[in-house]
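Residues per chain are reported as follows:
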Amino acid sequence: MQREGFAEVENAVRGVLRDVLGLSAERAAAFREDTPLFGALPELDSLAVAGVLTEIEDRLGILIEDDEVDGEMLESFGALTRFAADKALG
Amino acid sequence: MIDQYDWAGGREAMLRFGPDTGPVVVAALPLFEEANRTRAFVVTILRQLAERGIAGALPELPGQGESLLPTEAATLADLRAGFAAACARFDKAYAFAVRSGALLDTQAESAGRCHLVPTTGAELVRELGRLRGLNDGNNYAGNLLSPALLTELETAMPAAARTMRFEGDARAADVKLQGAPLWRRAEPDNDPALAHLLADDIAAWVRACEA
Chain A
21 MQREGFAEVE NAVRGVLRDV LGLSAERAAA FREDTPLFGA LPELDSLAVA GVLTEIEDRL
81 GILIEDDEVD GEMLESFGAL TRFAADKALG
Chain B
30 MIDQYDWAGG REAMLRFGPD TGPVVVAALP LFEEANRTRA FVVTILRQLA ERGIAGALPE
90 LPGQGESLLP TEAATLADLR AGFAAACARF DKAYAFAVRS GALLDTQAES AGRCHLVPTT
150 GAELVRELGR LRGLNDGNNY AGNLLSPALL TELETAMPAA ARTMRFEGDA RAADVKLQGA
210 PLWRRAEPDN DPALAHLLAD DIAAWVRACE A
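Quick note, the sequences are listed as chains A and B, same order. In our numbering, each number is its position in the first sequence, counted from 1, plus 20. In our numbering, each number is its position in the second sequence, counted from 1, plus 29.
Chain A with its partners taken away, still in its complex shape (with noise of 0.2 Å):
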């Protein structure tokens, strides 16, 4: 059972994702909660980061601080999206 709000959040990292990124609307279509992200895709380089944790910020309206930026939560698309989901959804 998801929470509620949780497909918003999924979208609105999507969205980011696609539009930091350059990738094509079926790209970022196909991405699936095990889809790795960092390490993975050559776009997403440590400048694309800082755009994308932007980006989300200011989407969802939530603050992300620094030192909760680890490999962790770049892995995948789910995880991404599961700590931005804890953010903004509490």
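Careful, some of the hints might be misleading.
Said to hold, decoys possible - Label pairs and their computed distance ranges (CB to CB):
1. A/63 with B/162: 18 to 26 Å
2. B/204 with A/50: 28 to 36 Å
3. A/85 with B/201: 25 to 33 Å
4. B/184 with A/88: 49 to 57 Å
5. B/33 with A/92: 34 to 42 Å
6. A/53 with B/162: 26 to 34 Å
What the hints assert, rightly or not - Covered by chain B, according to a simulated footprint, are these stretches of chain A (three or more residues, beta-carbon under 8 Å):
7. 37-44
8. 78-88
What the hints assert, rightly or not - Chain B is nowhere near these chain A residues, computed Cβ spacing over 10 Å in every case:
9. 27
10. 54
11. 59
12. 65
Hints in this document: simulated from the structure, not taken from any laboratory. Here a beta-carbon is modelled for each residue, glycine too, at the ideal position from N, C-alpha and C.
Chain B: place on chain A using the hints.
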């Protein structure tokens, strides 16, 4: 064509578009790294404005782009004075600023201001801090910045302006557009369709102000 303007600290280059007469839309790019990702887009908007009969200008600001002043020597006061001097070259100027460019038009004598997704100085400083952290604390995505500039930016706010934001952005805006934030793109890109939309909107705004 490539023109120039003089400010108290020297001479800077300025791109010019469109007719030699009438009001001029003077554009302010975002500061630092985001300028690289929006330059082609803003030039496309200014070319589209020229096709609509409205003149445009894109000044290099002190310490930015092709300026001979080192980035770490520039202060916010210099950037604002530079933009004001560029606007003063024209009988009538309208400011069009993107993102943190909205922090730079406060001292310019303009007939109106239009801001595309403006950012506050505090938001910019926070983003710069994140870039510095990701770069082992050495620099800000390749830029060396003076502590004085960062202190000035902490409290800098955009002046009142006609504000444009994207659909889905909860913050207040006069115009909501469909679009994606080019300034966040990992690789610089352009969006000619959005540039056309913006040129239509800015042209209508300038004509309404002039009427």
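Exercise. Of the hints given before, which are not true for this structure?
Worked result: Hints 4, 5 and 12 contradicted; others consistent.
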